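S.K.: Each chain, letter by letter, is given below.
Number of protein chains: 2
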Amino acid sequence: MNGRSGGYLVVVGLGPGEALFLTPQAQEALEQAEAIYGYMPYLDRVPVREGQQRFASDNREELARAGAALAHAASGARVAMVSGGDPGVFAMAAAVIEAIDAGPPEWRALDLSIVPGITAMLAVAAKTGAPLGHDFCAISLSDNLKPFELVEKRLRLAAQAGFAMAFYNPVSKARPWQLDRAFEVLREELPGDVPVIFGRAVGRPDERLRVLPLANARGHMADMATCIIVGSVETRTVERPGLSTLVYTPRRAGPR
Amino acid sequence: MNGRSGGYLVVVGLGPGEALFLTPQAQEALEQAEAIYGYMPYLDRVPVREGQQRFASDNREELARAGAALAHAASGARVAMVSGGDPGVFAMAAAVIEAIDAGPPEWRALDLSIVPGITAMLAVAAKTGAPLGHDFCAISLSDNLKPFELVEKRLRLAAQAGFAMAFYNPVSKARPWQLDRAFEVLREELPGDVPVIFGRAVGRPDERLRVLPLANARGHMADMATCIIVGSVETRTVERPGLSTLVYTPRRAGPR
Chain A
1 MNGRSGGYLV VVGLGPGEAL FLTPQAQEAL EQAEAIYGYM PYLDRVPVRE GQQRFASDNR
61 EELARAGAAL AHAASGARVA MVSGGDPGVF AMAAAVIEAI DAGPPEWRAL DLSIVPGITA
121 MLAVAAKTGA PLGHDFCAIS LSDNLKPFEL VEKRLRLAAQ AGFAMAFYNP VSKARPWQLD
181 RAFEVLREEL PGDVPVIFGR AVGRPDERLR VLPLANARGH MADMATCIIV GSVETRTVER
241 PGLSTLVYTP RRAGPR
Chain B
1 MNGRSGGYLV VVGLGPGEAL FLTPQAQEAL EQAEAIYGYM PYLDRVPVRE GQQRFASDNR
61 EELARAGAAL AHAASGARVA MVSGGDPGVF AMAAAVIEAI DAGPPEWRAL DLSIVPGITA
121 MLAVAAKTGA PLGHDFCAIS LSDNLKPFEL VEKRLRLAAQ AGFAMAFYNP VSKARPWQLD
181 RAFEVLREEL PGDVPVIFGR AVGRPDERLR VLPLANARGH MADMATCIIV GSVETRTVER
241 PGLSTLVYTP RRAGPR
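Quick note, the sequences are listed as chains A and B, same order. The first sequence begins at 1 in the UniProt record's numbering and counts up by one. The second sequence begins at 1 in the UniProt record's numbering and counts up by one.
Because the hints were derived from the structure by calculation, they are not lab data. For clarity, every value in this text was computed on a predicted model and none was experimentally measured. Check before you lean on any hint, since a few could be wrong.
All copies of an identical chain are treated as equivalent in the list; a pair is satisfied when it fits inside any one copy or across any two copies.
To be verified - Heads up, simulated SDA-like pairs for lysine to any residue below, C-alpha to C-alpha not over 20 Å straight-line:
| hint | residue 1 | residue 2 |
| --- | --- | --- |
| 1 | K146 | G7 |
| 2 | K153 | R204 |
| 3 | K146 | P250 |
| 4 | K173 | D111 |
| 5 | K153 | E189 |
| 6 | K146 | R236 |
| 7 | K153 | V233 |
| 8 | K153 | D143 |
| 9 | K173 | M224 |
| 10 | K146 | F55 |
| 11 | K153 | G254 |
| 12 | K173 | P205 |
| 13 | K173 | D101 |
| 14 | K173 | Q27 |
| 15 | K153 | W177 |
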C-alpha cells in the first residue's frame, strides 16, 4: 500500500477476534488508511487513530457500504474496509467487487487490494484438532441470497462426496429453522456418530466450543457468532483424560 | 503457550510465504519454543534463535516427524512444529493427531495446541478478487493417500453442487497426469468459460498468477507450489484497463 500517489481501497481481514490473529500486513493497512469503513462490531476492534475517519454501518448494508468506500477512494483517499475473518469468505471482498462490476467506470481504475485473514473455520478447526484435515467445503446456510433448496442440495452432495463441512451464517433471528433442517438433511445422508463442532466466538474472551454427534446436534446450540464444522464419515475423535477431545479427519481416505 | 510448567507441542501455521502473513500468535509460539521441527523449506523461513534446536525433515516423512516432535515434547520440552499455510488444511495438524491416536498413552496427556495461519487458497483468492466469495470446497489432488477415483467423484459432485473449488497438491514428479485428468472431468461437468486461477508461490518474491478459462487450463501450468482455484458457474470476471482482471463469485446464487 506504500508509494501510491492516488487513492486506493484495501479490504482488510481482521481474523476471528483478538489482535493475536491480525497479520502484520493487515496491521500496516490499518495504520496507513485515512478512512476506515466497516460493520460496527468489526470497526470497534480497530484502535482509534488521530486523524483517521471512521464510518460504521449496519450488517445488512454491505453493497451501500462498499459503494461509499469505493466513491471515497475514487476521490483520492486511502481507504480501508474492515471485515471479520477473511474478507474473501462470505464477507466484504465479493460485495466490493460486485459494486465495482455494477458501478461507474472509474471504480475499475481504482487501486484495489485485499488482505487475507484467518477465517472462522480455520480458528475453530485449530481449537479442536484437525477436522478439516482432508477434503472439505464451506457453505453459507443463509437463504437471504439463495433459495434454501439450493442449500439442501449442496448439503446432500457434500455428504455424498465425503467432504467435511464448515457452516457460516448458521442462524439469525430471521432464519430460525434453517440449521435444524440442515442437520435433518445430513442425518439422512450420514451416520449419526459423525462429530459436529459448534465454535462460538473463537479467539474472543467469550469463546465456547462444543463437540457432539450429528444425531444430537440441534439448531438452538448455535447463534450468529457460531461457526459449525460437521465431520465426514472418516472424521475421528481422540479422547484425552482431563483434556478436551480432539477431532481430526485423517489424510488417508477411501477404500484401504 | 505461557505459564506451562511441562513440555508441550504447538503446531504453527506460517501462512503462505513472507513474514507479512505471520500472526502475532504464531510469532510468539516460535519465540517461546526450545525446539522447532518442520519440513526444510518451512523451517528455513523461521529466523535462527540462539539456544533453539532445529530439526529439519523431508516432505514425505510427516508421521515420523510428528512422532519425533511428540516424543520430544513428552520429555518435557517446549516444542513447535512449523507448517506452511494453515496446519489444519492438508498439512501437519492431522498428521500429529494421527500420531497421537496411534501412539503411546502419554502422548494423549500432552499439552497440544494449533496456531492457525493463512492457507494458500485464501492468499490466492485475495490476490485475484473474491473467487471463494460464495460456497466452495478444498480438495487435495494427491492420490498418495486416496484413490484417484475418489478425487474424480468429488470433483463431479462439487461441480454439480455449484461449489467453487481450490486444489491443493495439484502435481508432483510422481503425479504428472492427475491435474490434466481433473480438468478433463470438470470440462464434462462445467461450461468451458468458468475461470481458473493458477496461483504460484503467492506471498513470495517469485509469485505468479494466471487466470484463464477452464477450456484452456492444462496440467503443465502448475507445479508443486501452485494452488488452483476453479470457479463455479456463477463466478464472474471484471476486466480493468491497465490492471489485472478481477475474479469473483457473487454472494447471490441460484435461480433469480
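S.K.: Determine for every hint whether it applies to the structure shown.
M.R.: A quick look at each hint next to the structure:
1. Proximity of K146 to G7 under the C-alpha cut-off of 20 Å is found in neither arrangement, the shortest distances being 34 Å within a copy and 49 Å between copies.
2. Within a single copy, K153 and R204 get their C-alpha atoms no closer than 33 Å, and across copies no closer than 39 Å, so neither meets the 20 Å cut-off.
3. Taking identical chains as interchangeable, the C-alpha atoms of K146 and P250 lie at most 20 Å apart only when they sit on different chains, with a minimum of 11 Å there against 32 Å within one chain.
4. Neither within a single protomer nor between protomers do K173 and D111 lie at most 20 Å apart by alpha-carbon distance, with minima of 37 Å and 39 Å respectively.
5. Both within a single protomer and between protomers do K153 and E189 lie at most 20 Å apart by alpha-carbon distance, with minima of 11 Å and 16 Å respectively.
6. Proximity of K146 and R236 under a CA criterion of 20 Å is satisfied inter-copy only: 17 Å between copies versus 32 Å inside one chain copy.
7. With identical chains, the CA atoms of K153 and V233 are at most 20 Å apart both within one copy (18 Å) and between copies (16 Å).
8. Taking the shortest Cα distances, K153 and D143 sit within 20 Å of each other inside one copy (13 Å), while across copies they are farther apart (27 Å).
9. Taking identical chains as interchangeable, the C-alpha atoms of K173 and M224 lie at most 20 Å apart only when both belong to the same chain, with a minimum of 9 Å there against 45 Å between chains.
10. Neither within a single protomer nor between protomers do K146 and F55 lie at most 20 Å apart by alpha-carbon distance, with minima of 29 Å and 49 Å respectively.
11. Only between protomers do K153 and G254 lie at most 20 Å apart by alpha-carbon distance; the minimum there is 11 Å, versus 23 Å within a single protomer.
12. Taking identical chains as interchangeable, the C-alpha atoms of K173 and P205 are never at most 20 Å apart, the minima being 24 Å within one chain and 46 Å between chains.
13. Taking CA atoms no more than 20 Å apart as the test, K173 paired with D101 passes in neither setting, with 31 Å inside one copy and 40 Å between copies.
14. In this assembly of identical chains, the alpha carbons of K173 and Q27 never lie at most 20 Å apart, being 33 Å within a copy and 39 Å across copies at closest.
15. Taking CA atoms no more than 20 Å apart as the test, K153 paired with W177 passes inside one copy only; the shortest distance there is 17 Å, against 31 Å between copies.
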